[in-house]
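J.: For reference, the chains in residue letters:
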Amino acid sequence: MNLNERMRVLVSGYKANPKRLVEDLIHFIFLILGLITVGCVLIITIYLIISGLPAIIEIGPIDFLFGTRWASTAAEPSYGILPFILTSIYGTAGAIIIGVPIGFFVAVYLAKMAPKKFKDTMQLCVGVLAGIPSVIYGLVGMTVLVPAIRNIFGVPDGASLLAAIIVLAVMILPSVINVSLSSLEAVPHEYEEASLSLGATNTETYFKVTVPAAKSGIFTAIVLGIGRAIGEAMAIMMVAGNVANMPSLFSSVRFLTTAVASEMSYSSGLQRQALFSIALVLFLFIMLINAILNFIKTRSQKI
Amino acid sequence: MKKILVALLVALCACSLFAQGSTESASQSVSTDGSTSMESVVLSLAEVFEENTGIVVTYNPTGSGSGITAVQEGRADIGLSSRALHDDEVASGLTGTTVALDGIAIIVNTANPVADLTVDQIAALYTGEITNWSEVGGNDAPVVLIGREAGSGTRDGFESITGTEDACAYNQELTSTGAVITAVLSNPNAIGYASLSAVDETVKTVLVNGVAPSEATVLSGEYQIQRPFVFVTKTDTALSEAAQQFFDFALSADASDVIADAGAVPLV
Chain A
1 MNLNERMRVL VSGYKANPKR LVEDLIHFIF LILGLITVGC VLIITIYLII
51 SGLPAIIEIG PIDFLFGTRW ASTAAEPSYG ILPFILTSIY GTAGAIIIGV
101 PIGFFVAVYL AKMAPKKFKD TMQLCVGVLA GIPSVIYGLV GMTVLVPAIR
151 NIFGVPDGAS LLAAIIVLAV MILPSVINVS LSSLEAVPHE YEEASLSLGA
201 TNTETYFKVT VPAAKSGIFT AIVLGIGRAI GEAMAIMMVA GNVANMPSLF
251 SSVRFLTTAV ASEMSYSSGL QRQALFSIAL VLFLFIMLIN AILNFIKTRS
301 QKI
Chain B
1 MKKILVALLV ALCACSLFAQ GSTESASQSV STDGSTSMES VVLSLAEVFE
51 ENTGIVVTYN PTGSGSGITA VQEGRADIGL SSRALHDDEV ASGLTGTTVA
101 LDGIAIIVNT ANPVADLTVD QIAALYTGEI TNWSEVGGND APVVLIGREA
151 GSGTRDGFES ITGTEDACAY NQELTSTGAV ITAVLSNPNA IGYASLSAVD
201 ETVKTVLVNG VAPSEATVLS GEYQIQRPFV FVTKTDTALS EAAQQFFDFA
251 LSADASDVIA DAGAVPLV
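So the sequences go chain by chain: A and B. Counting from 1, one number per residue, gives the positions in the first sequence under the working numbering. Counting from 1, one number per residue, gives the positions in the second sequence under the working numbering.
Watch out, some of these pointers could steer you wrong.
Label-pair restraints from in silico Cβ distances [unchecked claim]:
no. : chain 1 : residue 1 : chain 2 : residue 2 : range
1   : A       : 203       : B       : 132       : 25 to 33 Å
2   : B       : 86        : A       : 51        : 29 to 37 Å
3   : A       : 136       : B       : 132       : 30 to 38 Å
4   : A       : 127       : B       : 132       : 22 to 30 Å
5   : B       : 75        : A       : 78        : 26 to 34 Å
Per the computed footprint, the stretches of chain A lying under chain B, defined by three or more beta-carbons under 8 Å from a beta-carbon of chain B, are [as the list claims (entries may be wrong)]:
no. : stretch
6   : 66 to 80
7   : 138 to 147
8   : 190 to 202
9   : 242 to 254
10  : 266 to 274
11  : 286 to 299
Simulated coverage check for chain B against chain A, where a stretch passes if three residues somewhere in it have a Cβ under 8 Å from a Cβ of chain A [unchecked claim]:
no. : stretch
12  : 59 to 67
13  : 138 to 151
14  : 171 to 184
These aren't lab readings, by the way, just hints derived from the structure by calculation. Glycine is no exception: its CB is placed at the ideal position from the N, C-alpha and C atoms.
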């Protein structure tokens, strides 16, 4: 059957049943909308790889990834991003260490112990916290947190990794709380009732029955928190000092995200390409986190 | 009825969007390319110039070096450089015309007793040779160095004037003048630099070699931490009519108020 014949069959089919035409048209439109999303992901991935690889090759993958000195505009430029990678890892780890326990216990409290009214108010507050733009976190961090760190710890300058960690910890709270909360609430009451009827106290039940049952949801919350923390730029740009030092708690540091953001506007040549390479490294980190997230989800579905 | 109204409104908005686009592309234009530090000066000049003549001036913020190259390669009518041209650039057939001067103020917290520094002392502070304010007559407190990000015109200007290129041991590299001022404001031991025009009363402006930065001292050359804003053109090729008009306007007395409002020091 050639194309013409095929078209004729199709058209006569639609004539016999006009509703099918509408149906197929709608299917087609939705397919296009879906493809746009997929296309965006593909374009970004391909673009990042194409624009990120040349600099990595020119600088040398080892020098680029493990070099400890970043001086992109110096007379003899040097493009080592190990300080950024380590800062991003330390910063995210620090935010998780501070933010996850707080978020987790708040979620347990809200899901199981809090009075209804109090819970509603708290959830509203968490929602507001989630909606605050990151530049405002940065502003408050810059004018309140940074001087506070300087005074409390007696360091010359408060703009440091610690300030960034605290800001990030607060920023990941809403996602940790909300995701943990909904997974805790999804645990069937029968589990808890069984535990209580065997003589366990409320607290024992929550931590030995409810929490283990909601384990995968809580892991998801943590991974989402990691994703949020590692991708944040604006807020930490304002509190971390942005100097390309190897990270330590009270020194001024630059993250992968802020390295791209702070130099992009005036960059040119190899410097600009290297910024794309940093973005590529960041992108790989995020992909890794997404892969972990998917792994957790599929495993929890099997159980 | 409502639906029709909404559809009409949307159509109207869409039309206005396209209408604006078409008028812009229809008229003559002058392209400028270069120094990011000259942004406010060039954009203010461009705005007034467009009001008077209807000629659009485009500005591409790429940095002094790229601006000079753009003129050499004929990609822009006028290059913008926030440093004087090097001898080899002049030899390659370019002419630099200074349109304004820019003073870079050195700022400290109002609680800091230090009021006067020499250029050498500023360089020593920024390279980390001097790490305590007591060495330059201040309190016994560590020096906190605030600067701009790599590639910034102000940083480039400051470092080249003080001879501290690639040698500054910054505590913070911030991405805007406002952020630098805020950082100095919130730390009693901080020192920073910012374009003269951007500095306000909230921070203390330090005298350099005993001279306070002002339009008068920048113009007379007494205030040392300053640099020229230069229009770069080809020596042997005439500018297009529109570009020549803009060039003349920028150097005329009419433009001096505009330049001053944009924070630089006009020559006339």
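J.: Evaluate each hint against the coordinates.
T.: Against the structure, the hints come out as follows:
| no. | hint | result |
| --- | --- | --- |
| 1 | 203(A) with 132(B): 25 to 33 Å | 54 Å, violated |
| 2 | 86(B) with 51(A): 29 to 37 Å | 31 Å, holds |
| 3 | 136(A) with 132(B): 30 to 38 Å | 36 Å, holds |
| 4 | 127(A) with 132(B): 22 to 30 Å | 48 Å, violated |
| 5 | 75(B) with 78(A): 26 to 34 Å | 30 Å, holds |
| 6 | 66 to 80 | holds (count 5) |
| 7 | 138 to 147 | holds (count 4) |
| 8 | 190 to 202 | violated (count 0) |
| 9 | 242 to 254 | holds (count 4) |
| 10 | 266 to 274 | holds (count 4) |
| 11 | 286 to 299 | violated (count 0) |
| 12 | 59 to 67 | holds (count 5) |
| 13 | 138 to 151 | holds (count 7) |
| 14 | 171 to 184 | holds (count 8) |
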